[in-house]
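Asks: Sequence:
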Amino acid sequence: MELEEKIVDSEGNIHKIVEILGKGGQGIVYRCLDKDVAIKVVLRDGDFVKDKESLKQYEKSVLNLSFKPIESHFPMSIPLVTLRGKQGYVMKMAEGYEPLKTFLKKPSILENEEKDGIFRINNAIQELCKDNHHMALSLSYYSQTQGLRS
25 MELEEKIVDS EGNIHKIVEI LGKGGQGIVY RCLDKDVAIK VVLRDGDFVK DKESLKQYEK
85 SVLNLSFKPI ESHFPMSIPL VTLRGKQGYV MKMAEGYEPL KTFLKKPSIL ENEEKDGIFR
145 INNAIQELCK DNHHMALSLS YYSQTQGLRS
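Numbering (my numbering), first residue to last: 25 to 174.
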């Protein structure tokens, strides 16, 4: 995708890309002309995924994520709508958020323990997730595998 390119979401809204905010293993995040939203595009082997089955599967996983019970204090952008014809989504622009991988690289996050056959979630994740045990397990899984379960 090129800067100034116009991207259409699944609701027919048009978003103009003006800046690359970040690149990583899962794709690219772009700032849009509308400063309230950003776009994340998922890449596979450095290229856009366009086959219909993969797009359908991706839309389902994004929809599942948007219904997860994520605590309001948790600093995470949630997909608003998917993109039309590309694996990706529109999300609310959040100033000051750090990429999740930055948070997960902190040593205390990676110190999940297994003691006597019981998996223990470390204190940093517990504190972040408060009483949401399911979210704590999901983040622990992500910190170990860099993958999400839907």
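Check before you lean on any hint, since a few could be wrong.
[Claimed, not checked] In the DSS-like style, the derived pairs of lysine-lysine whose C-alpha atoms are separated by at most 30 Å in a straight line are:
(1) 154 to 76
(2) 110 to 80
(3) 154 to 40
(4) 30 to 47
(5) 154 to 116
(6) 74 to 116
(7) 116 to 59
(8) 30 to 76
(9) 154 to 110
(10) 84 to 74
(11) 74 to 47
Source of the hints: derived by calculation from the structure; they are not laboratory data.
Asks: Hints first: check each against the structure and report whether it holds.
Replies: Hint check results:
1. For the given pair, residue 154 sits about 39 Å from residue 76 by alpha-carbon distance, which is inconsistent with the 30 Å threshold.
2. At most 30 Å may separate the alpha-carbon atoms for a hinted pair to count; residue 110 and residue 80 meet this at roughly 10 Å.
3. Distance check on the hinted pair: residue 154 and residue 40 sit about 38 Å apart at the alpha-carbon level, beyond 30 Å; violated.
4. With a C-alpha separation of about 19 Å, the suggested pair residue 30 and residue 47 falls inside the 30 Å cut-off, and the hint holds.
5. Restraint check: the Cα-Cα separation between residue 154 and residue 116 comes to about 23 Å, which is no more than 30 Å; the hinted pair holds.
6. The hinted pair formed by residue 74 and residue 116 meets the criterion: a straight-line CA distance of about 24 Å does not exceed 30 Å.
7. Straight-line distance between C-alpha atoms of residue 116 and residue 59 comes to about 9 Å, which keeps the hinted pair within the 30 Å bound.
8. As the CA atoms of residue 30 and residue 76 are separated by approximately 21 Å, the hinted pair is consistent with the 30 Å bound.
9. At most 30 Å may separate the alpha-carbon atoms for a hinted pair to count; residue 154 and residue 110 exceed this at roughly 35 Å.
10. At most 30 Å may separate the alpha-carbon atoms for a hinted pair to count; residue 84 and residue 74 meet this at roughly 15 Å.
11. Taken as a hint, the residue 74 and residue 47 pair is honoured in the structure, with Cα atoms around 19 Å apart against an allowance of 30 Å.
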